[in-house]
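Asks: Letter by letter, the chains look like this.
Number of protein chains: 2
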Amino acid sequence: MALTTRQIAVAALDLAETRGSEALTMRSLASKLNRRPSSLYNHIGGRDDLIERMRALIVEEIDNRAFETEPWDSALISWAHSYLAAFATRPNCIRLLATTPVTDPSTLQMYDVVVEALGRGGWPDGEAIAVVRTVEAHVLGSALDFIAPNELAVPAVVPPELEHLHRNLDPAHASLATARFAFDLGIRALVEGLRRYQTARVIRSP
Amino acid sequence: MALTTRQIAVAALDLAETRGSEALTMRSLASKLNRRPSSLYNHIGGRDDLIERMRALIVEEIDNRAFETEPWDSALISWAHSYLAAFATRPNCIRLLATTPVTDPSTLQMYDVVVEALGRGGWPDGEAIAVVRTVEAHVLGSALDFIAPNELAVPAVVPPELEHLHRNLDPAHASLATARFAFDLGIRALVEGLRRYQTARVIRSP
Chain A
14 MALTTRQIAV
24 AALDLAETRG
34 SEALTMRSLA
44 SKLNRRPSSL
54 YNHIGGRDDL
64 IERMRALIVE
74 EIDNRAFETE
84 PWDSALISWA
94 HSYLAAFATR
104 PNCIRLLATT
114 PVTDPSTLQM
124 YDVVVEALGR
134 GGWPDGEAIA
144 VVRTVEAHVL
154 GSALDFIAPN
164 ELAVPAVVPP
174 ELEHLHRNLD
184 PAHASLATAR
194 FAFDLGIRAL
204 VEGLRRYQTA
214 RVIRSP
Chain B
14 MALTTRQIAV
24 AALDLAETRG
34 SEALTMRSLA
44 SKLNRRPSSL
54 YNHIGGRDDL
64 IERMRALIVE
74 EIDNRAFETE
84 PWDSALISWA
94 HSYLAAFATR
104 PNCIRLLATT
114 PVTDPSTLQM
124 YDVVVEALGR
134 GGWPDGEAIA
144 VVRTVEAHVL
154 GSALDFIAPN
164 ELAVPAVVPP
174 ELEHLHRNLD
184 PAHASLATAR
194 FAFDLGIRAL
204 VEGLRRYQTA
214 RVIRSP
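Heads up: the protein sequence lines correspond to chains A and B, in order.
Going by our numbering, the first sequence opens with residue 14, and the numbers climb by one from there.
Going by our numbering, the second sequence opens with residue 14, and the numbers climb by one from there.
Careful, some of the hints might be misleading.
In the SDA-like style, the derived pairs of lysine to any residue whose C-alpha atoms are separated by at most 25 Å in a straight line are [as the list claims (entries may be wrong)]:
1. B:K45 x A:K45
2. B:K45 x B:E30
3. A:K45 x A:E30
4. B:K45 x A:R32
5. B:K45 x A:G33
6. A:K45 x A:S91
7. B:K45 x B:L16
8. B:K45 x A:A36
9. B:K45 x B:L70
10. A:K45 x B:V167
11. A:K45 x B:L70
12. A:K45 x A:H56
13. A:K45 x A:P104
14. B:K45 x B:H56
15. A:K45 x A:G33
16. A:K45 x A:G58
17. A:K45 x B:I57
18. A:K45 x B:E35
19. B:K45 x B:I57
20. A:K45 x A:T18
21. A:K45 x A:L26
22. B:K45 x B:L109
FYI, nobody ran anything at the bench for these hints, they're computed from the structure.
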């Protein structure tokens, strides 16, 4: 049966997650699909093109509609939550997609929507790119935190003399010590700080 | 000649960077060092222990002395810059270290210093952990951004109809579009937002 380009990209996401992004090659993917590499090249230009098809599948899950209806700051927070959800289940794609040049048209389209909304909100050209980059960085770093073990450190391995850390890791504070709480606090703080910067055009230099 | 534990950990960092963290095993490391795996086990308990020795080497480079002399907010910014520098040259260790449980004593000691300073600055127990996690997430996500290609997207591949993105990627704004500018903006905004939250005990919910 003929494969679609989409089926190839879905299989590539699966291969990266099960065997690691370094194991993802046109050859290993062809083998997984029981095809010859040459038959994949009818659909996909090569590994770089494949990575962009994988990016498109993930970006499909990111909801950026808030930029159409909400102010830029609350829209950024909605976008960041949706972005996080798309990557938090795909740890092996985070570095792969964060460090390869974006050429996928749907991702570029998403960026266009975001920078347009930032422009309407008063962000000058160029600075809007910095806002996108730093929010993305925050989301992708947080996605790594979500796939980490739940605690920052297990109290049992913390030497007793590290009393401040012990007190902070007390199970009484467990609800504050999760990756979820940290992300919710951090993304709101980041956007609040950006809002202050954008309003004042100056940020306090501590 | 006898190997030290430190030499083994240095070789492991090197192996992870040259061949990927998935290629790092006690066996591959022994082979790189021209030793039998059994001789490594005289120094290192296994792969988990090895990862913690690698973490200790990186954490050695992170300067947290600002927490002794500066207010928590400016100290966090100094710490984040130093933390970023330690990881930005080691892309293959970011995910490995971000997603394994911390047991290395020097890292736990660093966390103790940070949460102590946050406590002195008014952060309640437990919330201080969330501050550490979200700043770390921001730094590690930004480290991925630093090893990415310099531009968010190459203007030549952006379809002409995405005019907002085109305008933002204009070379006239090149100095604002770097990973460095985005990090400087983001970490200051994040810490400013945390400071507002900590002062007001409430953050505007947009």
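Asks: Going through the numbered hints above, which ones does this structure break? Give me the numbers in ascending order.
Replies: 1, 6, 10, 11 and 17
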